[in-house]
Amino acid sequence: MITVKIELECCEGCGDCVEQCPMGVFQMVDGKSQAVNEEKCIECCLCETVCPQLAITITK
Amino acid sequence: MPTVYDPIKVGTFWLKNRFVVAPTVKNHALEDGFLNQRVLDNYEVEADGPGLVICGMSFTEPAGQCFMRQMGAHHDKCMGGLQNLAQVIHRQGAKAALQISHGGTLGTEGLTGQPVRGVSEKPFLPGQRPVPLTTGELEGVIENYAKAAGRIKAAGFDAVELHACHGSLLLQFMSPFYNVGRWDKYADRTVLFAETVQAMRDAVGPDFAFGVRFSTHEFGMEDLGFPGQTIEETCDLFIPIAEKIGVDWIHASVGRIGLTPDHSFPPVYAPHGVNVKYAEACKKVAHVPVIAVGRLMDPKLIEKIIEDEQADMVALCRPIIADQRFVKKMIEGRHDDIRKCIGCNYCLHCLFVQYDAECTMNPSYGRERVYEVTPAKKNKKVMVVGGGVSGLQVALTASQRGHEVTLYEKSDKLGGQINLAAAFPRLYTRDLKNLPDWLAREVEQTTVKVVLNTEVTPELVEKEKPDAIVVATGAKEKVIELPKGAENVVYLWDYLRGTAKIGNKVVILGGNEGAEAALSLAREGKEVTLVEEGGNIALPPYIFLFSCRREPLFRWMKEEKVTILTEHKVKAATGDTLTLADKWGVKKTVAYDTIVVAVDREPVNELYNAIATRGREVYLLGDAKEPRNMKEDNQEAFWLGRHI
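Taken in sequence, the protein lines are chains A and B. End of the first sequence = 60 in the working numbering, gap-free, step of one. End of the second sequence = 704 in the working numbering, gap-free, step of one.
What the hints contain is simulated information worked out from the structure, not anything from laboratory work. Zero decoy hints are in this set.
Taking lysine-lysine and the PhoX-like style, the derived pairs with C-alpha atoms no more than 20 Å apart in a straight line are:
1. 473(B) <-> 60(A)
2. 493(B) <-> 60(A)
3. 536(B) <-> 473(B)
4. 40(A) <-> 337(B)
5. 509(B) <-> 525(B)
6. 360(B) <-> 60(A)
7. 40(A) <-> 360(B)
8. 40(A) <-> 364(B)
9. 137(B) <-> 213(B)
Beta-carbon label-pair distances, calculated as ranges:
10. 471(B) <-> 29(A): 32 to 42 Å
11. 66(B) <-> 19(A): 21 to 31 Å
12. 614(B) <-> 29(A): 29 to 39 Å
In this text, all values refer to a predicted model and were calculated from it rather than measured experimentally. Even glycine gets a Cβ: it sits at the ideal position worked out from N, Cα and C.
Could you build all of it, start to finish, from the sequences and the hints given here?
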């Protein structure tokens, strides 16, 4: 099972993960990112690299 | 809601699913464009599964050839080979199409034996002086397109595709960047396109399927500051023209070779499916099926594109090169068995150095019959030292042939140097892990015994008494001596492990291995200076010259304001300044608070040196022989695995 973990304290709400994720996993909720479609994650890990705060971790 | 496994009607025929093998130049044919058994064997494997196979770019006339062993449709003598090709694809259950093109300024005089022809005198390669094609000659060019289309129909193919993308002659006429200075009707950028489509449609009749591949967006303005074909133009102008004359599909690619190639062939740094939005834009205006293409190697992403109706069909090029059974595995639900393309673009580099396309991931590409894995004559006890790419590949292949293999890895995980290469914090190189991950998964399903956390010593070798030993112990960073006074020195691999303390003013020593790090650090907000003794940066052994990886790296380094100093050596240091000198001895001081050393790697081969002289069958493999890249290591490991 793939988990998408977002360190909410670090999330600055830039929205890059929302924009870049090819599967539409993320959505902005109350100014922070949330993995609303976690089950769609394909582990490409693009979110890990685009996040300016390195707040996202993908684990299997 | 459509799925990628559903049939679709294209022209007058039905495809059994939405998978398309994208047109790929493989440089596997003969130098004069005729086909051989090698081409047929290659397509035979790839045609098992997809609904449509579009065979790669074939030249319509000798002056239009741009790759040394490109397929041709230029002469009636090609018919024999083409008939064989269509038959092989049909036997495997797919429909067959052939893509045709005139290379224009993509060709070279050395290849065609004729002066380079183009739309204008604007060169594509430095040193080219293209001779513009005259109005009368263009009528001949169009006629050759029509004749080629006729041959393809007569050879038994189900469809033909027109190559109007990536820099071939048609795109040269359609692009505002190239089509300058003409005085005839072809100065209008749509005319050659329209006339060619019309001539081809007339040649094949109304019942034969005929598609067009566009570079829907050239990225001229974004990347170069010059106008290029835009997605708006494609949707407002070219697609309606094509549909009015009568085409049966729109294949939405982007970019142009040489100028904006990293859009046409998105490398490892690019997001997956980065070009799907252009197919989506085309789908809004097109009345015929639209094919999406570009870095699509995730089964779930492919399924999503069709389900969300972003495109009607999905074309795969490099993912099929990496795993020729990709479509078959997806249909059978074996998504995890797929060997996913990493985007190293070695295949592309091969083409531009006029070599046969080969693949880092797939060592038997283009040699499917010749490199078949056959049982060993005598089963041996094989000890493989090192769990990186080389060790994993040789263990896998040797085991498949019947050998009893044990793989030893010093650390607690497999993958070797790739674990570090894929760990840049702010540069997307995660996909590099696809190869060791796939190999590890395959190894797990064989009888190979994997022993972690164990360093192999000569004593262990004595104890185990294997029949053959493969030493694949990899490489390590070269430790260099810096002038006294230099402080806060860390190495590249420390940065990648996450154990380095990096300040704000970083000087990276080593412009080749350090180029990617320079970008990653700059994106973290650091002030980065990249210092290189030689004349070139971003050319480590794993970045191939024509792999379209340097273009985005340079563009982004410029965006992030990385200072690049080539031909500079470190002369002296204090705790916070470095004194550099260029090749004429002119000095330059750079302020720093961290030095990152990223010079060459060197082999780790102590074990090999210790045991190689004892009369045993010992092999040295991979980076332990010479630190290079995954492509050479994987191919050599596969070769060794087949020969032990």
